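K.L.:
Let the sequences and hints guide you as you build the complete structure.
Protein chains: 2
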Amino acid sequence: MSVTAPQAFEAAGVAVGLKSTGKPDVAVVVNRGPRKIGAAVFTTNRAKANPILWSQQVIVDRVVEAVVLNSGGANCFTGAFGFQTTHLTAERAAELLEVSAGDVLVCSTGLIGTGDEEFRAKVLEGVEQGVAALSADGGQTAAEAIMTTDSVSKTAVVSRDGWTIGGMAKGAGMLAPGLATMLVVITTDADLEAIEADAALRRATHVTFDRLDSDGCMSTNDQVTLLANAASGIRPDLDDFTAALTELCQELAVKLQQDAEGASHDITVEVVGAATEDEAVEVGRSVARNNLFKAAVFGNDPNWGRVLAAIGTTGAQFDPYDVDVSMNGVRVCTAGGPDRPREEVDLTARALHLLIDLKTGDAGATVLTNDLTHDYVHENSAYSS
Amino acid sequence: MSVTAPQAFEAAGVAVGLKSTGKPDVAVVVNRGPRKIGAAVFTTNRAKANPILWSQQVIVDRVVEAVVLNSGGANCFTGAFGFQTTHLTAERAAELLEVSAGDVLVCSTGLIGTGDEEFRAKVLEGVEQGVAALSADGGQTAAEAIMTTDSVSKTAVVSRDGWTIGGMAKGAGMLAPGLATMLVVITTDADLEAIEADAALRRATHVTFDRLDSDGCMSTNDQVTLLANAASGIRPDLDDFTAALTELCQELAVKLQQDAEGASHDITVEVVGAATEDEAVEVGRSVARNNLFKAAVFGNDPNWGRVLAAIGTTGAQFDPYDVDVSMNGVRVCTAGGPDRPREEVDLTARALHLLIDLKTGDAGATVLTNDLTHDYVHENSAYSS
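Chains P and W supply the protein sequences, listed in that same order. Here our numbering = 1-based position in the first sequence + 829. Here our numbering = 1-based position in the second sequence + 829.
Just so you know, not all the hints are guaranteed correct.
Remember, identical chains collapse to one label, so a pair may be satisfied in a single copy or spanning two.
Here are the simulated lysine to aspartate or glutamate pairs, DMTMM-like style, with alpha carbons at most 25 Å apart [stated by the list, open to error]: (1) Lys951 with Asp1168; (2) Lys1084 with Asp1027; (3) Lys848 with Glu1172.
The hints are simulated quantities; they were obtained by calculation from the structure and are not laboratory data. This one's a predicted model, so the numbers in the text were calculated from it and none came from an experiment.
P.N.:
Here it is, written out as structure tokens:
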């Protein structure tokens, strides 16, 4: 059901030849409800694509009428011409929808440096076709149109008492090849103030997408957008809404992890006993970015020494000789020394639960990552050739 | 000629079965000159192996008589028993050499968690045999005894007017599998004060080994030691000595890079136009640690977009739309946009020179790294199995 699950949203996905496969490559999502609230979070990469630069201006007044998304080209580092392309995309959509161009977000994904005349013409054609194809059950084709190397489209829906949140996502955090990107559009018919939508989105993404770290490589195009239209007429408690939004974001984040390029393991790095939540995240991320540990997991090797070596590079409070590590429930390291034999750990399943107890405080956090595989290397070396 | 190239140093490498191949696995280096100056730098990983914890105490008084090194076991996270093994190693060597155990450095390399009774017995046997085999031309066998997955032994010699520096190294910075380590021993017959040896070593390693970053994974056992014995009777100018030492360290660093596990490209990341040297290093390291860029190089793909995306994650001063990038002399990106066609870049050779101009200031730095390959994944996944 995707982004059209909540009331009064329309969407479409159309094919205009940006993808050589002929599959859908331009998506349009339009808010048809009584309110036009928008909130968005963007990549923190200082090298930002043109659609990010544009969308950061659009979101300032927290009013969003529509989102146009394309796959088949990131429109990043394409100069003034590329920015004009984004601007023209918003203007064409605004004209057809009879709204202001300043209320149209644009998202692009694909190879950096792609954004020539042909790209522009196809995207604008996609806007025309997409607006013409808008429908209240277009959420699924929109989700398909933003796929690049994704093997499946990724959608999620969470419903509560009378209101609904729907979402679609593509990519795998910072993993997707060519620095193609993670794009997420979330819609809701709940009645939210703009500032509430913004707060809920930041709180939800902070503990979900922000803790998905497939390969440590931050995209130039990442964007997560929330559109709220009040069509349900129901004003939820903000904490309830945030909890539901967090559940939806986590479901999408796990789907991104499970479809990560070339991965053969989904690794859940759970850090407990940390002094602060930030330190737990720092420790989790250091392990999630350790190529040696990730390659060992690929080889079904429960190499806890590499986990401790990764923790040792952080600034988190801990005693290297008082850290416990378990893998899939087997305590392989107690107090910084060997415990159960590594042979007891079964890593043949795709899911690996890595539990790290820093024994310093009461804070914790979980970071999602993947292993480092032959297929990861292959797919990321062959992407642009 | 290795560590016995300078006057009045003896060394040996012996085989005691720590390696399943039967190759030499324990090395001893002894200073037989008039002065016993020692300086050392250690891994900054907070998870440190027992030999590091021991050696950090030994080096405090800057007097070093001998270094004992073993491959075939890192003696890291092996508890109190492991620390006692290191202590016993120094004591046995001291007894045989008739010096103080507090003047004997110990270095170990191999799998983390290895350090049981059998390991201890073999290392102590290695000390006996090694001391018995000491000779003024034992530098080469010593260099062989510290190899783990190295394909060649790594030595270097630099001579100036009447004095000489010799060195041996193993591993590849933070790349070697199992978090086996980079170990370096450097000797000189120059006459240096302890504080001069320390200053020269820190200055030299800061711009050489510290800028070798094969895979971003920091070892628990890294150690670089300089022994100075004044046997030449010559007291060089400190700047001259530091320059010669830097030359030797750089030669060894390049040899480590060239033998990096599974690598198919040696990448020299040269950053110019930076505001400060630290920022140039930060930018170089961010590129050196970007898996997407490294996988692209493996595929002979001059993917400059991934370079800019990596730079964008740093805090360095630069304008993303005023950065130039060249690969092997071909300017592929000018002012943050495409310049020469990527087809003009030939990446078939092993060496890649990546030049990044931040156009912000006059500072620069060079970081050495490698590509991310199938063989890297394979060798690091299969290491302990």
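K.L.:
Work down the list of hints and note, for each, if the structure agrees.
P.N.:
Quick rundown of the hints versus the structure:
| no. | hint | result |
| --- | --- | --- |
| 1 | Lys951 with Asp1168 | between (60 Å within a copy, 23 Å between copies) |
| 2 | Lys1084 with Asp1027 | within (23 Å within a copy, 53 Å between copies) |
| 3 | Lys848 with Glu1172 | between (46 Å within a copy, 22 Å between copies) |
Checked against the numbered hints above, the structure breaks none of them.
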